[in-house]
Amino acid sequence: MSDRVTVAKTYKLFIGGKFPRSESGRVYPVNDSKGRFLANAAHASRKDVRDAVVTARKAFGEWSGATAYNRGQVLYRVAEVLEGRRDQFAAEVGAAEGLSGRKAESVVDAAIDRWVWYAGWTDKVASVLGAANPVAGPYFSFTVPEPTGVVGILAPQKSSLLGLVSVLAPALATGCTAVVVSSAERPLPAITLSEVLATSDLPGGVANILTGRAAELGPWLASHGDVNALDPTGADVATRAELAREAAGTVKRVLAVPAEEPDWTQRPDIARLRRYLEAKTVWHPMGV
Amino acid sequence: MPAFEYAPAPESRELANLKPSYRPFIDGEFTDGGGEPLKTVNPATEEVLAEVGTASEADVDTAVKAARNAFEKTWGPMPGSERAKYLFRIARLVQERSRELAVLETLDNGKPIRESRDSDLPLVAAHFFYHAGWADKLDYAGFGPDPKPLGVAGQIIPWNFPLLMLAWKIAPALATGNTVVLKPAETTPLTALVFGEICQQAGLPPGVVNILPGAGDVGARLVGHPGVDKIAFTGSTEVGKLIQRQVAGTPKRLTLELGGKAANVVFDDAPLDQAVEGIVNGIFFNQGHVCCAGSRLLAQESVVDELLDKLRYRISTLRLGDPLDKNTDIGAINSAEQLTKIRELADSGEAEGAQRWTSPCPVPDRGFFFAPTVFSGVHQSMRIAREEIFGPVLSVLTFRTPDEAVAKANNTPYGLSAGIWSEKGSRILWTANRLRAGVVWANTFNRFDPAAPFGGYQESGFGREGGRTGLEGYLDV
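So the protein sequences, as listed, match chains D and P. Taking full-length UniProt numbering, the leading residue of the first sequence gets 1, the next gets one more, and so forth. Taking full-length UniProt numbering, the leading residue of the second sequence gets 1, the next gets one more, and so forth.
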């Protein structure tokens, strides 16, 4: 028993596999569910968003070009590392969401299982959503799903880990790369997830996690020409309309999401995988 | 040049059963529209074909209400197996009246009768047949058990394939249990209104299909109407962006099929004569009024001269003129406005330093015509390499390596279609894998089938039409 002073942590962003401070130098205080100060988190800026999009675009070729088997292995590795940090996540999720120990643990377990579920989809989604098209002519015609590209994600505001995993994992499983804005009030599990991603064989830039305000950073993601899809889950309803208008400038895919944050403990379906995939149809004549 | 001239072989325009006036189709009846009537013109002769009533704001309301009523009372509750039979009936009626519809389409649109007869109409019927079969099998479409329709679909279609685009929109919407209000293009409303007759003949319940002719204002009212649950639009990227902006913040679902600037990539091992046929089909089919037209030819440097010689010779044999003549390859540009746009973009090609070659074919004095034109020495920064021309104008660029071909092909905000010409299968698949386009034709071009999903990446829009994937746009999943 001593009066040991804990080592307080300085939280940073996760961009391109590295942990930079916000270019703006801004931070904001993060409190637990009872209003007690936990830490300062980096307050990401427009420039941070742009840096993250650039690195996500750069990573897209390698990640989407990797074999589905390889992507599944890498994503499963994330689940393994998550499992290893189960207690830390339970403590952080408990503090952020005001959950008791048992409840927080069950949320973390669900998040790990969710990651495993999506990891297993990488090499199955093409056979479920693709097709050999029975066209009326001497042609071989087939349709394959391909990743849409760089996805901008405004993560759920309430569910700090399970919600985040439920929106990030499907984007990565399709072969997309992502720029995520975490829950503003509950960002610490997202930052710890960044540390998991950084140590899980995931190539740098495939997932980038920014802490900050969805309403401030969302419009930059929505209007960015190098972002191909936008998940506005974490934006409030009024902001979503503005984001959708911004997104129209580049004919961006904007996910239709429910007004209220869904119950993430429900069993997911493949809707989120479908929305990040483009169908490519290839034709070739048949004959000798 | 051919040794013998062809004798004229005109199809009879009497087959079109052209009437002096046409009216909007609302709630199962042809009714006088409250909008300013428009006159639709034969682009090959500039003669007025018919007067067409257009929809007023009140007509849009009435049509949406009729569609809602039909969705709630007849079409929505009807078992899929019964909906299927209506769609099969429509498909058969289209087949039975296909000569009439083909001639009418050619009169109103200006496309060669050979294309409306052999390409458009068979595909229209095929789309209704294909989707008819889905109506009672939606549980097996891969979206979970018993997927629900969205409700009332507002659909806006372009003038380049008037009846085919109608079929692409209406068939999947009805198969999945939605009702529709469709606005055909201002310059080509006639076949859509005859389709209203077909709905009557099929005994389709009133309100399931409503057709509202008119200009952009009718489309905008439809897009903004609170009683519409889904908007499906095919047309320019510019208008698509306006619609996406207008729909933003509403619960309406949206699919967009927009413009393109497709690359036709010809490798040095390609069968050149076949490639020439594919390039011609890719850019001169329907006068180049095709969103997925192969408007950029990317030829490997070592074969570009030989390819261009063959291409120019082949193009000079194309017959331009009376669309109703069965020997016509290239018909009329759909409107004076479109002709002006094509001329302006072609002139910009010359002004920016590309070499222009135009087919020496005779051009009629009357009507809107534009002779097939090829630009060589085109750079990626030129307008003719970046902007959609939507006319019979081909831009030729070159490349040295497969990587360069892919980089250049992908270097536009569009991503609708692409072509690849090579004898080497592994090279075709390598290239197809890397091209950011929704449809890739290898050693062929402009193939369509209701079983094969069609649609774009990036600014060519979102959503697919055709196949299992195409059903998604009309289901709440």
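Be aware that a few hints might be false.
To be verified - For lysine-lysine, the following DSSO-like pairs were computed, each having C-alpha atoms within a straight-line distance of at most 30 Å: (1) D:K103 <-> D:K47; (2) D:K34 <-> D:K58; (3) P:K341 <-> P:K39; (4) P:K341 <-> D:K47; (5) D:K12 <-> D:K34; (6) P:K148 <-> P:K73; (7) P:K424 <-> D:K124; (8) D:K124 <-> P:K310; (9) P:K310 <-> P:K326; (10) P:K39 <-> P:K241; (11) P:K424 <-> P:K408; (12) P:K408 <-> D:K58; (13) D:K158 <-> D:K12; (14) P:K241 <-> P:K408; (15) P:K148 <-> D:K58; (16) D:K12 <-> D:K103; (17) P:K310 <-> P:K341; (18) P:K341 <-> D:K124.
What the hints contain is simulated information worked out from the structure, not anything from laboratory work.
Hints versus structure:
1. At roughly 38 Å between alpha-carbon atoms, D:K103 and D:K47 are farther apart than 30 Å, so this suggested pair is violated.
2. The straight-line distance between the Cα atoms of D:K34 and D:K58 is roughly 41 Å, outside the 30 Å bound, and the hint therefore fails.
3. Proximity of P:K341 to P:K39 is assessed by CA-CA distance (about 21 Å); at most 30 Å being required, the pair is judged to hold.
4. Taken as a hint, the P:K341 and D:K47 pair is broken in the structure, with Cα atoms around 40 Å apart against an allowance of 30 Å.
5. Straight-line distance between C-alpha atoms of D:K12 and D:K34 comes to about 23 Å, which keeps the hinted pair within the 30 Å bound.
6. A hinted pair counts as satisfied when its Cα atoms are at most 30 Å apart, and P:K148 with P:K73 qualifies at roughly 15 Å.
7. The suggested pairing of P:K424 with D:K124 holds, with an alpha-carbon distance near 28 Å, which does not exceed 30 Å.
8. The straight-line distance between the Cα atoms of D:K124 and P:K310 is roughly 45 Å, outside the 30 Å bound, and the hint therefore fails.
9. In summary, the hint linking P:K310 to P:K326 is supported, as the alpha carbons are separated by about 25 Å, within the 30 Å threshold.
10. With a C-alpha separation of about 28 Å, the suggested pairing of P:K39 with P:K241 holds against the 30 Å cut-off.
11. Distance hint between P:K424 and P:K408 is fulfilled; the C-alpha atoms sit about 20 Å from each other, no more than 30 Å.
12. Distance check on the hinted pair: P:K408 and D:K58 sit about 18 Å apart at the alpha-carbon level, within 30 Å; holds.
13. Of the supplied pair hints, the one linking D:K158 and D:K12 holds, its CA atoms being roughly 21 Å apart against a limit of 30 Å.
14. A threshold of 30 Å between alpha carbons decides the hint, and for P:K241 with P:K408 the separation of about 25 Å falls inside it, so the pair holds.
15. Restraint check for P:K148 and D:K58: not satisfied, since their Cα atoms lie roughly 40 Å apart, outside the 30 Å limit.
16. A threshold of 30 Å between alpha carbons decides the hint, and for D:K12 with D:K103 the separation of about 28 Å falls inside it, so the pair holds.
17. For the suggested pair P:K310 and P:K341, the alpha carbons sit about 28 Å apart, so the restraint of at most 30 Å is met.
18. Note on P:K341 and D:K124: the hinted pairing is violated, with a Cα-Cα distance of about 47 Å set against a maximum of 30 Å.
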